[in-house]
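Engineer: Between the sequences and the hints, there should be enough to build the whole structure, so can you do that?
Below are the chains, spelled out letter by letter.
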Amino acid sequence: MLALVGLLIFGLLSKGDARVKVGEPIPDKRLPLLDKSGDAAIADYRGRWVLVNLWASWCTPCREEAPVLERFAQRHRRDGVTVLGINVQDNSDDALAFLRSYPTTYPQLRSIGNERSSAFGTTGVPENFLVDPHGRLALLWPGPVDDRDLEEQMIPIIEESQ
Amino acid sequence: MLPVAVLALLALATPGLAAAPQVGIADIEDEVMCPICGTLLELAYSPQAERQRVYVKRLIVEGKTKAQIKDALVAQYGREVLALPEGSGFSLSAYLIPVIAFLAAIAALTVGVLRWRRHTSQPGSTPTPPRGADAERLDADLSRYDL
Numbered sequence: 076m077l078a079l080v081g082l083l084i085f086g087l088l089s090k091g092d093a094r095v096k097v098g099e100p101i102p103d104k105r106l107p108l109l110d111k112s113g114d115a116a117i118a119d120y121r122g123r124w125v126l127v128n129l130w131a132s133w134c135t136p137c138r139e140e141a142p143v144l145e146r147f148a149q150r151h152r153r154d155g156v157t158v159l160g161i162n163v164q165d166n167s168d169d170a171l172a173f174l175r176s177y178p179t180t181y182p183q184l185r186s187i188g189n190e191r192s193s194a195f196g197t198t199g200v201p202e203n204f205l206v207d208p209h210g211r212l213a214l215l216w217p218g219p220v221d222d223r224d225l226e227e228q229m230i231p232i233i234e235e236s237q
Numbered sequence: 156m157l158p159v160a161v162l163a164l165l166a167l168a169t170p171g172l173a174a175a176p177q178v179g180i181a182d183i184e185d186e187v188m189c190p191i192c193g194t195l196l197e198l199a200y201s202p203q204a205e206r207q208r209v210y211v212k213r214l215i216v217e218g219k220t221k222a223q224i225k226d227a228l229v230a231q232y233g234r235e236v237l238a239l240p241e242g243s244g245f246s247l248s249a250y251l252i253p254v255i256a257f258l259a260a261i262a263a264l265t266v267g268v269l270r271w272r273r274h275t276s277q278p279g280s281t282p283t284p285p286r287g288a289d290a291e292r293l294d295a296d297l298s299r300y301d302l
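Protein chains in written order, with our numbering: chain D, 76 to 237; chain U, 156 to 302.
No lab work stands behind these hints: they were computed from the structure.
Treat the numbers as computed from the prediction; the structure is a model and nothing was measured.
Every residue, glycine too, gets a C-beta built ideally from N, C-alpha and C.
Treat the hints with care, as some may be off.
Some chain U residues well away from chain D (every beta-carbon gap over 10 Å; in silico) [unchecked claim]:
no. : residue
1   : 181
2   : 184
3   : 275
4   : 287
5   : 292
Keeping only pairs whose Cα atoms sit at most 30 Å apart, straight-line, the calculated BS3-like set for lysine-lysine is [as the list claims (entries may be wrong)]:
no. : chain 1 : residue 1 : chain 2 : residue 2
6   : D       : 111       : U       : 221
7   : U       : 212       : U       : 225
8   : D       : 104       : U       : 225
9   : D       : 111       : U       : 219
10  : D       : 111       : U       : 225
11  : U       : 212       : D       : 111
Structural biologist: In structure tokens:
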């Protein structure tokens with residue numbers, strides 16, 4: 076009985092706000108690349124600004140967002156900015172098919188099930204996390220981004236710090 | 156005609172080549188979750204659920220068994236895709252606790268009934284009369300209060 080009560084209390088306590096906050100270290104984990112060509116982690120890009128994009132192939136807004144992120148990645152690659160996609164809550168075959176329709180040149184990682192979504196505390200897909208060169212969250216952007224969001228909201232944060 | 160007969164014989168001789176479905180979609184849908192929807196797959200109709208259903212159907216067509224399909228779903232969507240707890244590790248407690256609780260309740264009920272029966276079968280209405288020294292002391296006490 077005591078064990079059951081303990082489990083109940085643990086369950087209630089662990090239901091706190093799990094969302095990563097601005098200024099906090101970004102949750103990180105080494106993940107396989109979606110094309111199975113290796114693995115990577117956000118920490119591999121320490122020293123650069125990283126825009127982490129959590130997405131899924133079944134998410135309609137992700138289709139519009141992928142080309143936006145690709146343009147952003149190409150435009151700011153030389154400015155010390157990297158876009159890093161993390162495919163979540165998805166089937167890898169569907170995710171690869173998505174990338175054939177909406178090709179990206181930036182790295183794409185694969186997280187199985189809800190594991191990374193829970194670690195980031197997301198409420199859906201897509202969600203974007205701008206990570207500073209020290210691995211701390213600089214901006215959280217729930218929902219899809221467009222060109223204007225990226226240039227007017229994210230680039231000033233990056234430029235301010237330089 | 157002959158080529159057709161040869162083909163038919165070949166097909167009969169190699170049944171493994173034709174992957175016959177081992178299981179129906181309904182047998183899977185009620186045992187796995189749509190993890191994003193938070194409901195059983197059979198009750199989910201979101202885009203993610205539809206993609207998951209397509210994936211399951213593809214595995215069925217490939218002739219995979221229920222266990223193989225569940226393993227493939229876990230590999231794709233994680234353990235949260237399983238609607239039924241696993242029969243090992245901590246998840247085993249989901250099966251054991253109800254059984255233990257049931258057995259404990261049966262044991263408590265049995266002990267309770269036995270005690271109650273023992274209590275009611277005791278001849279409390281016909282007390283044994285005192286004997287020997289007790290009987291003498293009782294007589295002495297009673298005679299002291301004789302009026």
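Engineer: Decide, hint by hint, whether the structure agrees.
Structural biologist: Cross-check of the supplied hints:
Residue-level check passed: residue 181 (chain U) sits 20 Å from the nearest beta carbon of chain D, beyond 10 Å. For residue 184 (chain U), the non-interface assignment is confirmed: its Cβ lies about 16 Å from the closest Cβ of chain D, beyond the 10 Å cut-off. With a closest Cβ-Cβ approach of about 31 Å to chain D, residue 275 (chain U) is found to remain outside the 10 Å limit, as its non-interface label requires. Separation of residue 287 (chain U) from chain D is adequate, the least Cβ-Cβ distance of about 52 Å exceeding the 10 Å criterion.
Non-interface status of residue 292 (chain U) relative to chain D is upheld: no Cβ of that chain comes within 10 Å, the nearest being about 52 Å off. Pair hint residue 111 (chain D) plus residue 221 (chain U) holds up; C-alpha atoms about 26 Å apart against a cutoff of 30 Å. Proposed proximity of residue 212 (chain U) and residue 225 (chain U) is supported: the alpha carbons are some 12 Å apart, at most 30 Å. Taking the CA atoms of residue 104 (chain D) and residue 225 (chain U), the gap is about 26 Å. The hint holds against a cut of 30 Å.
Between residue 111 (chain D) and residue 219 (chain U), the direct Cα distance comes to roughly 24 Å. Compliance with the 30 Å bound is thereby established for this hinted pair. In summary, the hint linking residue 111 (chain D) to residue 225 (chain U) is supported, as the alpha carbons are separated by about 22 Å, within the 30 Å threshold. Of the supplied pair hints, the one linking residue 212 (chain U) and residue 111 (chain D) holds, its CA atoms being roughly 24 Å apart against a limit of 30 Å.
In terms of the numbered hints stated before, the structure departs from none.
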